[in-house]
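Novice: Letter by letter, the chains look like this.
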Amino acid sequence: MKLSNSKYLLSMAVIGAGLTLAGCGESDKTAADASKPAASTEVAAAAPAAGEEEKVLNIYNWSDYLAEDTIPNFEKETGIKVRYDIFDSNEILHAKMIAKNTGYDIVVPSSNWGKMQIDGGLIQKLDKSKLPNWKNLDPTVLAQLAQLDPGNEHLVDWLWSYTTVGINVDKVKTALGDMPMPENTWDLVFDPKYTSKLKSCGISMLDAPSEVFPIALRYVHKPEFSLVEADYKAAFDMLMKVRPDIKRFNSGGQIEDLASGNICVALGWAGDFNLARKRSIENKSEQHIEALVTKMGGYMFMDTMAIPADAKHPNNAHKFINYILEGKVHAGLTNAVTYANPNKAATPFVSDEIKNNKTIYLSDADVKNLIPPGNVDNATRRIETRLYTQFKTGT
Amino acid sequence: MNMLKNLFQGNKLVIGIPYGWFLLLVAIPLLIVMKISLSEMEATSVSNMISWTNGLPTLKLNFANYQFIFSDALYVKTYISSIKYALITTLICLAIGYPFAYFMARAPKHVQPTLLMLIMLPFWTSFLLRIYAWKTLLVSNGVINNVLMSLHVINAPLEMMNNSFSLTIGMVYSYLPFMILPLYANLSKLDLRYLEAAADLGTSPFKAFWLITVPLSKAGIIAGSMLVFIPAVGEFVIPELLGGPDTLMIGRVLWDEFFSNNDWPMAAAVAVVMIALILVPMAILNKAEAKLEEA
Amino acid sequence: MATAPKPQTDSKAITKEVLLRVEGVTKIYDGTVKAVDNVSLTVNKGEIFGLLGGSGCGKSTLLRMMAGFEKPTKGKIFLDNQDITDLPSYQRPINMMFQSYALFPHLSVWENVAFGLKRDNMPKDEIAKRVDAMLTLAQLNKYAQRKPHQLSGGQQQRVALARSLAKRPKLLLLDEPLGALDKKLRETTQLELVNIIEEVGVTCVLVTHDQEEAMTMASRIAVMSEGYFLQIGEPDVIYETPNSRQVADFIGNVNMFEGEVIVDEPDHIIVKCDECTHYVGHGFTGNKGMAVGVALRPEKIMLSKDKPKGEYNWAEGVVTEIVYFGDHTTYHLKTAAGHVIKAQEINNTRDLSCGLTWGDHAYMHWGDLAMIVLTH
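Protein chains in written order, with the working numbering: chain A, 1 to 395; chain B, 1 to 295; chain C, 1 to 376.
Excised from the complex, chain A in its bound form (with noise of 0.2 Å):
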């Protein structure tokens, strides 16, 4: 879930032209596809069979995801032309999604968005039988994304990560002065008896209820994907006894918060708190930063390959699906953008320093601690989206 701030404005700007007209043609097509949803999929999943199609395949793919050679290999090995577009948040890709007829052959939806699309039949079955190197997939993280997509017949982790503390050490422990770090790391954030004392710093938060929601119910004991309003209450309660702490909402400028020191604790993205970790150390800045693992456990997201079921090319998109799940290719992924990838078969290729980053590579019992992907129905996430506002505006 990468996201810088500028291209998600402009795809913003985009998708708000493009609005009425994808309004207008989804509407004619609605019932035909909201009654037989599954019969859908089949079609679209039996076409391959029809024959030879033509050498072109079309993406749609988070910014910054992917390695240099990622897609020029794979052209050289197949002959196949590839078309790469990107996006930057889930959104703007499920909305897009909605509307139908993206022309996409592979899209790559977090996993909750992605189980949406699933139950609306926007993706098509998997065909395994043309993906050999299915093999090489970490069982572990296959089993988290089975609570989404059991038995795993659509989606395909790209690469994954999880929502956690970032810090600025040396910040933090100024601000802290003689109180120790929490024995829950979630504290940093959750319990006004820090905030109060961070607030001179700078606190960040995702401005994203779908990602915050889970850690927060957590944190207060309830269902990390609870139907029940009275659990959100009650984690909207606790969240605003921290309000007034609060600097910051945003999901795209915690990188260039955190390393340019205006803000010393974030709660987001471990792969972002790596990279301006990275930047900081490439600029010789004085910040120190640091991305935490919480015993309590974060919330694991993946991004996941899926093929929608419109798809013109879907037997190409299970070639680039196959070519991914190559250990060398995967593990180009992963040095490029520091996201950890869910292939066995890439470990030996990913380099020490990613490796041995035990915020990047968690220990089997910490990825056992994360929250897993989950997701929840339309009348919830209102809810959601609803409190969140309201913690935001701090009213």
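Because the hints were derived from the structure by calculation, they are not lab data.
All C-beta atoms in this analysis are idealised placements derived from N, C-alpha and C, irrespective of residue type, glycine included.
Under the rule of at most 20 Å between Cα atoms (straight-line distance), these lysine-lysine pairs were calculated in the PhoX-like manner:
#, chain 1, residue 1, chain 2, residue 2
1, B, LYS207, C, LYS124
2, A, LYS312, A, LYS128
3, A, LYS368, A, LYS355
4, A, LYS392, A, LYS241
5, A, LYS130, A, LYS312
6, B, LYS207, C, LYS118
7, C, LYS147, B, LYS291
8, A, LYS197, A, LYS241
9, C, LYS272, C, LYS334
10, B, LYS77, A, LYS392
11, C, LYS147, B, LYS218
12, B, LYS218, B, LYS287
13, C, LYS16, C, LYS170
14, A, LYS392, A, LYS233
15, C, LYS147, B, LYS287
16, A, LYS125, A, LYS312
17, A, LYS295, A, LYS358
Coverage of chain B stretches by chain C, computed from C-beta distances (three or more under 8 Å per stretch; other residues unrestricted):
#, region
18, 189–202
19, 212–222
Over 12 Å on every C-beta distance to chain B, these chain C residues come out as not near it, computed from the model:
#, residue
20, GLU126
21, LEU151
22, LEU181
23, ASN195
24, SER219
25, GLY259
26, GLU265
27, GLY283
28, LYS334
29, THR349
30, GLY367
Keeping the supplied structure of chain A fixed, place chains B and C upon it in accordance with the hints.
Specialist: Chains B and C only, in chain A's frame:
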């Protein structure tokens, strides 16, 4: 053939183009948005309004979205705050833009095209880049704070970013040309003899400005204010980049409905209410004006 | 050298009380363009003074300097013996009725008229009284609440007049007051205007390019050209005794004969021209052998089919054009020398007076005192 000829006869064609444009790009999309706002959201699609039972169509209109908007204080509060920021922006734009346009219109004729060019010049750069530029100016370790601190004017950085201050600056900055241009067009057409007549009747230049220039430029003031106010109400990008958590505007709520809640009908309803909030007072104003003219 | 044409000075000014005095005023635009060139004049109390000239002659610039919209480059302007040259327009007790009126379009008739009074912080009831009086004077009571664009041209003109008179200015400036009206309306309005002005008793300076308008309205006229005065005088003086070919030509129609003085006596001169010999019954400031112009107004020429007696003051020609105006008819006659002479006959009977028609050969004759001898 004959019909075709008739259709393309000068008059009808000339009138037809703007009407066709309006129909295709304003009326129809608006109707679609209204239609969506009366539907329900299913998992990944919008429900159909008309269902067929025994060969008979049943129309199902869902007004729940509108009821919800008025039952949850969030929406009303956000509408009010959007209108508040749009109003503040409009008033500041007017206060800065009016003298600007006035002196432009009074500048020597050969200088005016250059001044006009300078107003347009920012449009050559991407809107987003310009907003980002403000970000680098206003942040706590940004240009302004650094300069003030190195000059020892201030000891701690001023909090100018991600609050209503930065939001207002960004909005005023972005919309100012839309205020200046119609005002300039209006003021440059002002017959200077009216000012001479006022002076002749014993009015000092300062008073003549308020008694003659301002009332006569009313059309320009209204046009400029509308051009600023209307898009400012629904502004999304500037509050997102320069605003803070407490400067919630309706654009963000709409975004949340559409993307976070994945509830297109609700998003459409929020948009329809926003349009109504702008259009209804405008229509009333227009009518009152027309009546005033008739009297 | 008996009654020579009057010089371009202001003869009456000495006898009456002077209100406005313009002394050697010059206006130069952009350092080079001389719009007004060393002009002096006086306007007496109660007088309507006309500034007459073609477009670009400087008459409007002069008026604007009186109003205070322009500053003279050189010279002084006095009002009631007070130097107002540097006084801003809004402090001068002078009001102007603008060309095409410049009525404030956003204000009603009533508010337009009250505008100047309000600026003087006059008490409200007094303003109301004054405005109502002005509206009555201009017969506008019915239209008090209308906006200017809802009025006819003549009504607008009366509003403009009421507005400029409301403050009871010492001096009223009228810039082409009838220019925006059609011809028919102009004649009635002219008289109305004069009546109102005389009723109020205000002193006026009137700028116009229309000589008829100047003649009817002004008690004295200054004829302007290229920034200076050609002649100042009462309308009849200017008409009957123009001091130059330019003035004669500008005011009314004129036939100009170019000739040479062959006899110069104190009580008469004789001028020899191509088509005739003029016997002029008065002397002139010049000498024998001088080339002069003899100006003769068309209405002073009589036509006949019979050859006039005597050797002077007649000419012959062929009728080439007959222009019928209703009340009078203008005949164009071509002389042997090729000049066209215009003669104007009053239609005092219902048949054409002398029964002339196209192609007829006819004689023109005129009296000893009908013409003006012009030396420049």
